[in-house]
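Residue numbers (numbering that gives the first Met the number 0), protein chains in the order written: chain F, 0 to 202; chain Y, 0 to 175.
No lab work stands behind these hints, which were simulated from the structure alone. Treat the hints with care, as some may be off.
From the derived model, a few chain Y residues whose C-beta atoms are all more than 10 Å from chain F [stated by the list, open to error]: (1) 68; (2) 76; (3) 103; (4) 124.
Taking lysine-lysine pairs in the BS3-like style, the calculated list, with each CA pair at most 25 Å apart, reads [as the list claims (entries may be wrong)]: (5) Y/22 with F/193; (6) F/201 with Y/54; (7) F/193 with Y/54; (8) F/201 with Y/22.
Glycine included, each C-beta is placed from N, C-alpha and C at the ideal position.
So you can see what is in the structure, the chains are spelled out below.
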Amino acid sequence: MAWALHGANILILCSFLVRDILALRLLSIGAGILFCTYFFAHDMIEPIVWNTLFSIVNVVQIGRMWMQRRKIPLTDEERFLYEGYFSSLHAFDIRALCKEAHVHRIKNKDSITLSGLGVIFDGDLRIEDEVISKGSFVGVRSFLERKDISMEGIVDQDVICIQWSMSSLRTWADHDPNRNNLLLRALSNDLLSKVSHVQSAKE
Amino acid sequence: MNWEYGVLDEEGRECVLSSLFPKSWCILVLFRHSECMECNLLAHELNELQGHLRKWGVSILGVGNGEVSSLHRLRTRLGISRSVVLCSHVERKVHKDLKLYDSFWRAWGLKAMWNTIKGFQQGHIQTSMGFPMGQQSGVVLLNPHREILWVHRSKFLGDIPTQSTILEQVLLHIGE
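Isolated chain F, as found in the complex (with noise of 0.2 Å):
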């Protein structure tokens, strides 16, 4: 049974060479097994709950990671947040942000009361004499002073738009920090957008 000793510090001496923290612990759970296996042999059943204990901890890990790795297909939405201002987050942020949103898609001359911050998804919203466009976010100062305000808009054509409430939004951006620089990045370009659409109509 030797050879299983050998095989498992085989295995970890290899986890130890690679970088991706995954295979780390697959090649861990393999070293695992082989201790098992040795240890059975040997009549020793504490080093085997040690290594039981260390395997359920990386396989659950594994399972964590996997969730997050894996290769979800985008909604037109979820890609469009994603293109326009999450670029750099993974599609499980993106999944997690529009699992927050609710799609409001208003009618041609119809008017909506929406509150926390939204984006405009397709159309044109008008808000007290201002257009909203395409790409352009609505409630904007309200998150930035964390009041909920709702506001009253209507439309000239049909409209789309995401939105998420204040504490929401909040939440899923306070999970991690880069999800927080991207949001208030994009929140600064868009405002930025603004003050120069308004300079240019002054002059």
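On the provided structure of chain F, position chain Y as indicated by the hints.
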């Protein structure tokens, strides 16, 4: 605050802090010195954000409180852009007037130690260990009239405002 504090610029010339302020919005960064983990972390956040701050016309002014030579080290070692004005204020009156925290535990407490380890893990480096290292650091947002709009006082080593926090404050106040 009138910002009439005597400081030394990068060439070691005596000048008044108020004369170094830009005419635009300004982020005033108060450093303890250039070698510690906190300066590394803060410089990294500001370097990444600087391009975006420039779009909003926000300049950065750094006030250290070590030797003038440390300012040059700070700039070269941490990759601080030439557009950032740096000066040194050894008396630390600005730090005191802004009521920044200064205590043994601020630099040597559990949170400070933990953040030092996290900093190393993120690839930052601490190049000297002064003692007692009673750090006083903070970040202040000022409007063109030199009025303080927001202050972040670092309570323990590594307690720095993130990029998103700084940007959020800039948007909140400039947007008005």
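A quick look at each hint next to the structure:
Even its closest Cβ contact with chain F, about 33 Å, leaves residue 68 of chain Y beyond 10 Å, as expected for a residue assigned away from the interface. Distance check for residue 76 of chain Y against chain F: the nearest CB is about 24 Å away, which clears 10 Å, and the non-interface claim stands. Its beta-carbon lying about 29 Å from the closest one in chain F, residue 103 of chain Y satisfies the requirement of being farther than 10 Å from that chain. Taking the minimum C-beta to C-beta distance to chain F, about 21 Å, the non-interface status of residue 124 of chain Y holds against the 10 Å cut.
A threshold of 25 Å between alpha carbons decides the hint, and for residue 22 of chain Y with residue 193 of chain F the separation of about 23 Å falls inside it, so the pair holds. With a CA separation close to 20 Å, the supplied pair residue 201 of chain F and residue 54 of chain Y stays within the 25 Å bound. With a CA separation close to 13 Å, the supplied pair residue 193 of chain F and residue 54 of chain Y stays within the 25 Å bound. Annotation: proposed proximity of residue 201 of chain F to residue 22 of chain Y holds, straight-line Cα distance about 24 Å (limit 25 Å).
Going through the hint list in order, the structure satisfies each hint without exception.
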